[in-house]
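Asker: Listed below are the residues making up each chain.
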Amino acid sequence: MNIVVIIKQTPDTESVIRIAPDNKSIVTEGLKWIINPYDEFAIEAALRLKSKHGGNVTVVTYGPPRVVEALRTALAMGADDAVHVDDPAMKTADFLRVTRALAAAATECDPEIILMGSRAVDYDQGQRGAIVAEMLGWPHLPLAVSLESDGKVVTIERPIEGGKVTLESPLPVLVTLGGSHAIWNPRYASLPGIMKAKKKPLKARKLTDLGLDPADFGPETARIRITSLEMPPQRAAGRMIDDGLDTEGKARELVRVLHEEARVI
Amino acid sequence: MKLLADERDIKFVLHEQLRIEELSRYPRFSEFSREICDMVLDQAEKLAEKEFYPTNRKGDEEGCTFEDGQVRVPGCFREPYRLYCEGGWLAMADPPEVGGQGFPFLLGNACLEFLGSANWAVMMYPGLTHGAARLLERHGSRELQDIYMYRMYSGEWAGTMCLTEDVAGSDVGSLRTKAVKREDGSYSISGQKIFISCGMHDLTENIVHMVLARTEGAPRGAKGISIFVVPRLLPREDGILEDNDVRCAGIEKKLGIHGSSTCVLNFGENGNCRGFLLGEENAGMRIMFDMMNEARLFVGMQGLCHANAAYLHALQYAKDRIQGAPVERMKDPFAPRVPIIQHPDVRRMLMFMKSSTEGMRALMHLASYCIDRVRAAQDPGERERFQGYVDLLIPICKSVGSDLGFRVCETAIQVYGGYGYSREYPVEQFLRDCKIASIYEGTNGIQALDLVGRKLTLKRGQLVKNALAAIDEILAKVRTNFNLRDMVQIYDEAQESLIQVTKFFALKGMTDEFHVPLLYAKPYLDLCGDVSMGFLLLWQAHLADRRLREIYRDHNASDDVSRGKVLRENRSAAFYFGKIASARFFINQVLTQAGGRARSIMNNDKSALDIPDHGFALV
Ligand SMILES: Cc1cc2nc3c(=O)[nH]c(=O)nc-3n(C[C@H](O)[C@H](O)[C@H](O)COP(=O)(O)OP(=O)(O)OC[C@H]3O[C@@H](n4cnc5c(N)ncnc54)[C@H](O)[C@@H]3O)c2cc1C
Numbered sequence: 001m002n003i004v005v006i007i008k009q010t011p012d013t014e015s016v017i018r019i020a021p022d023n024k025s026i027v028t029e030g031l032k033w034i035i036n037p038y039d040e041f042a043i044e045a046a047l048r049l050k051s052k053h054g055g056n057v058t059v060v061t062y063g064p065p066r067v068v069e070a071l072r073t074a075l076a077m078g079a080d081d082a083v084h085v086d087d088p089a090m091k092t093a094d095f096l097r098v099t100r101a102l103a104a105a106a107t108e109c110d111p112e113i114i115l116m117g118s119r120a121v122d123y124d125q126g127q128r129g130a131i132v133a134e135m136l137g138w139p140h141l142p143l144a145v146s147l148e149s150d151g152k153v154v155t156i157e158r159p160i161e162g163g164k165v166t167l168e169s170p171l172p173v174l175v176t177l178g179g180s181h182a183i184w185n186p187r188y189a190s191l192p193g194i195m196k197a198k199k200k201p202l203k204a205r206k207l208t209d210l211g212l213d214p215a216d217f218g219p220e221t222a223r224i225r226i227t228s229l230e231m232p233p234q235r236a237a238g239r240m241i242d243d244g245l246d247t248e249g250k251a252r253e254l255v256r257v258l259h260e261e262a263r264v265i
Numbered sequence: 001m002k003l004l005a006d007e008r009d010i011k012f013v014l015h016e017q018l019r020i021e022e023l024s025r026y027p028r029f030s031e032f033s034r035e036i037c038d039m040v041l042d043q044a045e046k047l048a049e050k051e052f053y054p055t056n057r058k059g060d061e062e063g064c065t066f067e068d069g070q071v072r073v074p075g076c077f078r079e080p081y082r083l084y085c086e087g088g089w090l091a092m093a094d095p096p097e098v099g100g101q102g103f104p105f106l107l108g109n110a111c112l113e114f115l116g117s118a119n120w121a122v123m124m125y126p127g128l129t130h131g132a133a134r135l136l137e138r139h140g141s142r143e144l145q146d147i148y149m150y151r152m153y154s155g156e157w158a159g160t161m162c163l164t165e166d167v168a169g170s171d172v173g174s175l176r177t178k179a180v181k182r183e184d185g186s187y188s189i190s191g192q193k194i195f196i197s198c199g200m201h202d203l204t205e206n207i208v209h210m211v212l213a214r215t216e217g218a219p220r221g222a223k224g225i226s227i228f229v230v231p232r233l234l235p236r237e238d239g240i241l242e243d244n245d246v247r248c249a250g251i252e253k254k255l256g257i258h259g260s261s262t263c264v265l266n267f268g269e270n271g272n273c274r275g276f277l278l279g280e281e282n283a284g285m286r287i288m289f290d291m292m293n294e295a296r297l298f299v300g301m302q303g304l305c306h307a308n309a310a311y312l313h314a315l316q317y318a319k320d321r322i323q324g325a326p327v328e329r330m331k332d333p334f335a336p337r338v339p340i341i342q343h344p345d346v347r348r349m350l351m352f353m354k355s356s357t358e359g360m361r362a363l364m365h366l367a368s369y370c371i372d373r374v375r376a377a378q379d380p381g382e383r384e385r386f387q388g389y390v391d392l393l394i395p396i397c398k399s400v401g402s403d404l405g406f407r408v409c410e411t412a413i414q415v416y417g418g419y420g421y422s423r424e425y426p427v428e429q430f431l432r433d434c435k436i437a438s439i440y441e442g443t444n445g446i447q448a449l450d451l452v453g454r455k456l457t458l459k460r461g462q463l464v465k466n467a468l469a470a471i472d473e474i475l476a477k478v479r480t481n482f483n484l485r486d487m488v489q490i491y492d493e494a495q496e497s498l499i500q501v502t503k504f505f506a507l508k509g510m511t512d513e514f515h516v517p518l519l520y521a522k523p524y525l526d527l528c529g530d531v532s533m534g535f536l537l538l539w540q541a542h543l544a545d546r547r548l549r550e551i552y553r554d555h556n557a558s559d560d561v562s563r564g565k566v567l568r569e570n571r572s573a574a575f576y577f578g579k580i581a582s583a584r585f586f587i588n589q590v591l592t593q594a595g596g597r598a599r600s601i602m603n604n605d606k607s608a609l610d611i612p613d614h615g616f617a618l619v
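If you read the sequences in order, they're chains A and B.
The opening position of the first sequence corresponds to residue 1 in our numbering, with each subsequent residue numbered one higher.
The opening position of the second sequence corresponds to residue 1 in our numbering, with each subsequent residue numbered one higher.
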């Protein structure tokens, strides 16, 4: 089974995020990067499919040189080869354009199934899977919490309000992974895996390599632009009612505050 | 929140200070690169965060249980142990020929910072196994290696070190366990060992004990000790495992590391316990010493690990806990209440923890690095020089790591206040788990004797001279840095004090006052620790100062205001600033005391010796 996993490198979920002075991006200097956790589930699901049906797992990503770390980690987990899409023309490309390039890179591998995280923990747009499926004209099974295949048909379960629904599709198909760490339990890269990863093929692809025209990726083509970022408002400090009052006084003051200031009673 | 070990500082020591990548110039590490190094560290941290730490408190509460001769470890230990072994971590720094991964030992210990900080009790099992397997690698026959070593390096079977008996603690030479040669060349082992870590447990099917014992007619004392491989279950020719008459008679209830079983082991109660000689008869102590350096460093690392977690937890707590008004408005009841990190006394405690932890980290990793150089060196002169550094550093690492690590844990509780003393918060466990490190693997008192009685006098003091020369070479660069000159001066004075005490000891050693160096061996060791860490932090400050100035330059920050802005916005700048602050704090607060400490030794005060035993207290 020929499997492609499209992944993204995101800031570690434990990082303290700070907005850059331009107010449109975050400070990336000194940040720790990881594979988007949902994409890690996708890698795990791909490796499980491979161990059952044989075949090949290719990981694909886009980004600056640092994203090679994410690819190497996926290779260390057990993926067979990797594709790194990068092109100076893509610096200003929006989400949709980047996705087009990723879809082209994935198609090049001639996959029967494409796996992706259902969302990325950075901008959390949750669109990329659907867009890739649409671009390829493939069915899209979203938010999988389980994934089985007999080699011809893929079956997934996705949670819905109060239960689970089972969906199936013939190959080729694109599946986006939902669920949690506890559900997918993605494997750790073993030390021998890390040593082997160094020798596995990692291809760099530019837009022209993918048959795309860099002119289509200019800033003017962007349909979405980030105009500003802001932090969630700080929660105001709580207020202690004391003022040297006795218990009854405190209770009376509390009732007054709830009634007159907070207006909840 | 990642509160196990400061990854940025670990990478600073590995890459910027010790330049681990350059080890790849040796054939042994030719496959090694910075990229691989960072990937390995990442995985170690992940394993520690996700699998080890979540079992830390649970393992402490559940502890080990003993029933019908069987010991059960906390059930939650199985998964981290399995993942650790399957990932190839147990033998990560051993050569591929024995099933290892061939990484630098330094990287192994850097990973241990995460894993050991997350759960030391779990780490005891593979830690002991590794030491035992290494003895087999170095001294075992081909046959013993085939049967035992590979299975141990993979974690399939576990191992232990059995030295201690009731009459033989620090004085290992007094042990009584007997080994009687049998016709088939193996030995019948009989005797009782106590305090044996991981002596019995249910993580593995079999446990292979390295047992110190005496053969018939062996000379008294340490010279008459041999070492034997004694499996709990003996593999027969057909592969079936047979009981080898090793019984666990009980486990200790103890202050900390509850998840690590500490066992009384009876060998040969029924006369059916077989052991296999390692090396030659009466060579036991020499063989044991061979792996002692790494075992002692492992224990020093334990102290560092608990300090790591204690410091980072306390730091986080200090940022979160609101208590009291800011200093400027201390008396104003309307002043807003602030996080305790804003109080000067709390900041001082945090700086003590930060600088001590970073000093210990540099010290441990320097020793690990030297071990790599010994293993990798092709030139005998180079190997000997680095072996000398190792020999000198080991007792310091073991003792400083455990003692200072404990002080850091204690300070963490202080930062937490009453909550730190409570079981509801994790820091009290770090303190309890840490305490044992100053006791096992040779008490810190014994480490001091090793330093003063053996290491100082080895090769007529050449070890110390070589170390000082190496320090001098690095300091030559630091001395050119104008920003650090006040620190260099304090360091120089401290080092001079240490040299004075060293000479004082050498002189006393030749007189009938030779017990004075023994009396003050431990304070002397502590002084060595302070000076070594002071040197390492000063070296780091120099590297950090250069990087910080580069960052300021890149941001055109030439005045205090613009620099302040860079420090607020740039993580690296804040990190390097923090490195220089660590050095400044340690050198000013700790190293300035070196002169006084030297004086306290050289005053030749013998009150502790002169006082009659019943003069201590009339009880
Ligand atoms: C949890 C735990 C795990 C352990 N694991 C193992 C293990 O796996 N294998 C193993 O073999 N042992 C193990 N031990 C035993 C440990 O190594 C000994 O407890 C230690 O060596 C000290 O011996 P002791 O307890 O008999 O103390 P003692 O030797 O009685 O020492 C008591 C005090 O006297 C001091 N002292 C003793 N002799 C001298 C001297 N000559 N000069 C100056 N001071 C001296 C010591 O420094 C100490 O302060 C373990 C112990 C514990 C508690």
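These aren't lab readings, by the way, just hints derived from the structure by calculation.
From a predicted model like this one, the values you see are computed outputs, not experimental measurements.
A hint or two may mislead.
Calculated lysine-lysine pairs in the DSS-like style (CA-CA distance at most 25 angstroms, straight line) [as the list claims (entries may be wrong)]:
| no. | chain 1 | residue 1 | chain 2 | residue 2 |
| --- | --- | --- | --- | --- |
| 1 | B | K477 | B | K459 |
| 2 | B | K319 | A | K32 |
| 3 | A | K24 | B | K565 |
| 4 | B | K50 | A | K196 |
Asker: If a hint holds in the structure, say so; if it doesn't, say that too.
Answerer: We went through each hint and held it up to the structure:
1. B:K477 / B:K459: violated (29 angstroms)
2. B:K319 / A:K32: Between B:K319 and A:K32 the Cα gap is close to 21 angstroms, so the pair holds against 25 angstroms.
3. A:K24 / B:K565: Status holds; Cα separation ~19 angstroms.
4. B:K50 / A:K196: Since the Cα atoms of B:K50 and A:K196 sit roughly 24 angstroms apart, the hinted pair holds (cutoff 25 angstroms).
Going through the hint list in order, the structure does not satisfy hint 1, though it satisfies all others.
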